[in-house]
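**Student:** Residue numbers (our numbering), protein chains in the order written: chain L, 17 to 350; chain X, 17 to 350.
Just so you know, these hints were derived from the structure itself, not from any lab.
Mixed in with the good hints there might be a few duds.
Where chains are identical, the list cannot tell them apart; a pair therefore holds if satisfied intra-copy or between any two copies.
Taking lysine-lysine pairs in the PhoX-like style, the calculated list, with each CA pair at most 25 Å apart, reads [claimed, not checked]: (1) K270 / K19; (2) K296 / K57; (3) K18 / K296; (4) K18 / K57; (5) K55 / K334; (6) K334 / K18; (7) K334 / K19; (8) K192 / K18; (9) K19 / K55; (10) K296 / K55; (11) K270 / K18; (12) K19 / K296; (13) K334 / K270; (14) K19 / K57; (15) K57 / K113; (16) K55 / K260; (17) K260 / K57; (18) K270 / K113.
2 protein chains.
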Amino acid sequence: MKKFINNIDDILIESLNGFATAHTDLVSLHLAPNFLTRKNKAQNKVAIISGGGSGHEPLHAGYIGYGMLDAACPGHVFTSPTPDQMLAAAETVHAGKGILFIVKNYAGDVMNFEMAAEMLPFESATVLTSDDCAVVNSTYTSGRRGVAGTVIVEKCVGSLAETGATLQACKALGDKVNNRTASIGVALTSCTVPAAGRPTFDISDTELEMGVGIHGEPGRRRETMREADEIVSDCVDAILTDFKLRNIEPAENKAALLLINGFGATPLMELYLIYNTAAKLFNQHGIQISRSLVGNYTTALDMAGVSVTLCLLDDEIKQHWDSPVHTAALRVGM
Amino acid sequence: MKKFINNIDDILIESLNGFATAHTDLVSLHLAPNFLTRKNKAQNKVAIISGGGSGHEPLHAGYIGYGMLDAACPGHVFTSPTPDQMLAAAETVHAGKGILFIVKNYAGDVMNFEMAAEMLPFESATVLTSDDCAVVNSTYTSGRRGVAGTVIVEKCVGSLAETGATLQACKALGDKVNNRTASIGVALTSCTVPAAGRPTFDISDTELEMGVGIHGEPGRRRETMREADEIVSDCVDAILTDFKLRNIEPAENKAALLLINGFGATPLMELYLIYNTAAKLFNQHGIQISRSLVGNYTTALDMAGVSVTLCLLDDEIKQHWDSPVHTAALRVGM
Chain L
17 MKKFINNIDD
27 ILIESLNGFA
37 TAHTDLVSLH
47 LAPNFLTRKN
57 KAQNKVAIIS
67 GGGSGHEPLH
77 AGYIGYGMLD
87 AACPGHVFTS
97 PTPDQMLAAA
107 ETVHAGKGIL
117 FIVKNYAGDV
127 MNFEMAAEML
137 PFESATVLTS
147 DDCAVVNSTY
157 TSGRRGVAGT
167 VIVEKCVGSL
177 AETGATLQAC
187 KALGDKVNNR
197 TASIGVALTS
207 CTVPAAGRPT
217 FDISDTELEM
227 GVGIHGEPGR
237 RRETMREADE
247 IVSDCVDAIL
257 TDFKLRNIEP
267 AENKAALLLI
277 NGFGATPLME
287 LYLIYNTAAK
297 LFNQHGIQIS
307 RSLVGNYTTA
317 LDMAGVSVTL
327 CLLDDEIKQH
337 WDSPVHTAAL
347 RVGM
Chain X
17 MKKFINNIDD
27 ILIESLNGFA
37 TAHTDLVSLH
47 LAPNFLTRKN
57 KAQNKVAIIS
67 GGGSGHEPLH
77 AGYIGYGMLD
87 AACPGHVFTS
97 PTPDQMLAAA
107 ETVHAGKGIL
117 FIVKNYAGDV
127 MNFEMAAEML
137 PFESATVLTS
147 DDCAVVNSTY
157 TSGRRGVAGT
167 VIVEKCVGSL
177 AETGATLQAC
187 KALGDKVNNR
197 TASIGVALTS
207 CTVPAAGRPT
217 FDISDTELEM
227 GVGIHGEPGR
237 RRETMREADE
247 IVSDCVDAIL
257 TDFKLRNIEP
267 AENKAALLLI
277 NGFGATPLME
287 LYLIYNTAAK
297 LFNQHGIQIS
307 RSLVGNYTTA
317 LDMAGVSVTL
327 CLLDDEIKQH
337 WDSPVHTAAL
347 RVGM
């Protein structure tokens with residue numbers, strides 16, 4: 017294992033310190049318990065808090081700022097944060113209108129955010145993201161996993177919250193965006209968790225893992241490596257089949273947001289090549305890609321791989337996707 | 017070699033098509049010869065054109081847009097673009113005040129941009145970037161290599177050009193930024209050029225390449241893998257020594273921009289850890305990091321590695337670094 021690290025126990029704190037120092041205009045870092053908040057506390061709005069295991073950067077701390085999150089609670093690498101983190105974050109960012117937790121559907125995260133919600137002295141609600149259509153149950157969870165679609169949920173809900181909307185309205189929008197979003201991932205290599213010191217799974221030079229999770233969890237099947245167009249075609253089919261099985265129909269104009277997300281070690285040149293194929297294939301199915309995001313937005317440490325995410329837009333989602341945002345990893349109009 | 021590609025000959029065009037489709041609001045793609053331009057042609061300003069081999073994305077096409085480049089000319093992977101590309105791009109974006117080429121100092125790029133400049137029917141000037149302090153001569157060039165500091169040059173010169181400044185003023189600012197910038201890179205793995213099909217160089221699990229170039233060119237020396245803090249300390253020392261040898265003194269307030277650039281396969285978590293150490297070390301040398309950029313801005317395909325870039329700010333550079341920009345890879349205030 018070759019990584020830019022010092023002591024394995026210090027990776028998280030050193031990285032968080034670097035993040036907070038690099039973005040001192042945007043975020044404040046609080047330690048013991050660990051959480052990050054917006055530099056300037058928002059007033060009179062629902063406070064949006066997310067969190068989860070580290071190793072998926074820029075998720076979630078990279079999305080703290082105007083128009084998105086109020087706070088993020090980072091756990092250790094691929095490990096859930098604990099309820100004291102969410103409680104301390106909530107105490108710090110609560111702005112009079114309740115707390116909305118955005119939680120990726122993994123058993124540890126769900127349990128810890130639930131415990132925090134129960135202990136909170138404020139009104140709260142939770143949006144559980146579950147956009148991964150690859151598998152129904154997985155290593156770390158029962159039910160669908162929450163993956164890169166979480167970024168779209170955080171962007172839209174964060175935008176709505178800035179308008180002074182109620183907790184119920186924010187939760188409803190988050191649930192709607194999650195429901196209208198489907199993702200599937202493909203790995204060419206494993207990631208290596210620093211504390212483990214070796215790859216999470218073995219994969220040969222002629223194989224890929226179709227439907228991989230963002231912690232290297234097994235997907236649908238191990239396949240023989242093929243051309244990008246064939247791999248992307250399978251991803252597009254999986255997403256369209258998922259919407260069909262869930263009876264989610266594209267809106268009349270069939271406008272959609274296409275997110276091509278790198279897992280950490282995939283060159284941008286390949287991500288754009290994948291975008292090219294995916295957009296064409298969705299178009300052939302009558303879906304017009306009118307919004308796009310291409311890059312490393314929900315990573316799995318140093319995994320070479322990609323996920324394809326489609327979010328079926330309506331006017332409300334489009335409006336909140338397009339609205340101003342100022343975070344370390346996403347910036348529009350500010 | 018496992019990559020998300022189809023036919024090797026089609027990688028560039030498929031990737032460019034994906035880029036242009038994903039950013040249809042920002043750029044137009046022109047083929048045969050290949051170049052990209054701003055969607056909305058700028059008026060009455062110096063036109064800023066860059067280019068170079070592909071594989072360094074988002075450099076350069078990711079920096080096309082208001083406040084940065086007017087056009088970019090992509091060559092094949094790690095191969096210079098040809099003069100017909102620069103000529104066609106210049107014809108398309110010329111806006112009455114001449115053409116400024118920003119060229120990384122590699123022999124092929126320098127020769128081809130020079131040929132284009134000679135044939136141009138417009139007044140032109142060239143800023144050659146040479147921020148890499150690792151080695152004096154290298155595989156693909158004589159003189160210092162241009163690396164991630166090029167992004168800072170493109171941002172500042174692009175900003176000045178928007179004010180209607182003259183060609184001479186734009187070139188002078190570009191030369192100044194380049195002169196006040198130093199970079200050095202470290203590789204943990206090689207990159208793999210698709211057409212070659214195998215890693216550019218061999219490196220063992222216990223080694224790193226100090227001073228590596230963005231095409232995998234050899235650096236200063238092969239070293240034993242060490243803790244991040246030690247590696248970063250050597251990078252910081254190399255940069256400070258370079259400024260000293262070139263008699264470039266930090267300004268009175270010693271404010272600087274620190275760019276921690278991933279080469280393509282390094283997790284963001286590690287880049288922020290590196291930022292944390294580098295910022296501390298520069299501070300210990302009396303340099304105040306007042307501007308930061310952390311992420312994949314000048315990549316080397318799928319290389320695991322990082323470069324550290326320091327740009328010594330003055331009021332003019334700071335103003336142009338902070339100004340609005342709207343490109344695929346950098347966005348501020350728009």
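**Student:** With reference to the structure, classify each hint as holding or not holding.
**Tutor:** These are the hints, each one checked on the structure:
no.: 1; hint: K270 / K19; in the structure: neither (44 Å within a copy, 31 Å between copies)
no.: 2; hint: K296 / K57; in the structure: neither (43 Å within a copy, 27 Å between copies)
no.: 3; hint: K18 / K296; in the structure: between (38 Å within a copy, 23 Å between copies)
no.: 4; hint: K18 / K57; in the structure: neither (39 Å within a copy, 46 Å between copies)
no.: 5; hint: K55 / K334; in the structure: between (27 Å within a copy, 22 Å between copies)
no.: 6; hint: K334 / K18; in the structure: neither (42 Å within a copy, 36 Å between copies)
no.: 7; hint: K334 / K19; in the structure: neither (39 Å within a copy, 33 Å between copies)
no.: 8; hint: K192 / K18; in the structure: neither (42 Å within a copy, 37 Å between copies)
no.: 9; hint: K19 / K55; in the structure: neither (31 Å within a copy, 40 Å between copies)
no.: 10; hint: K296 / K55; in the structure: between (41 Å within a copy, 21 Å between copies)
no.: 11; hint: K270 / K18; in the structure: neither (45 Å within a copy, 34 Å between copies)
no.: 12; hint: K19 / K296; in the structure: between (37 Å within a copy, 20 Å between copies)
no.: 13; hint: K334 / K270; in the structure: within (12 Å within a copy, 44 Å between copies)
no.: 14; hint: K19 / K57; in the structure: neither (35 Å within a copy, 44 Å between copies)
no.: 15; hint: K57 / K113; in the structure: within (13 Å within a copy, 46 Å between copies)
no.: 16; hint: K55 / K260; in the structure: neither (43 Å within a copy, 37 Å between copies)
no.: 17; hint: K260 / K57; in the structure: neither (42 Å within a copy, 43 Å between copies)
no.: 18; hint: K270 / K113; in the structure: neither (34 Å within a copy, 44 Å between copies)
Checked against the numbered hints given earlier, the structure breaks hints 1, 2, 4, 6, 7, 8, 9, 11, 14, 16, 17, 18 and satisfies all the rest.
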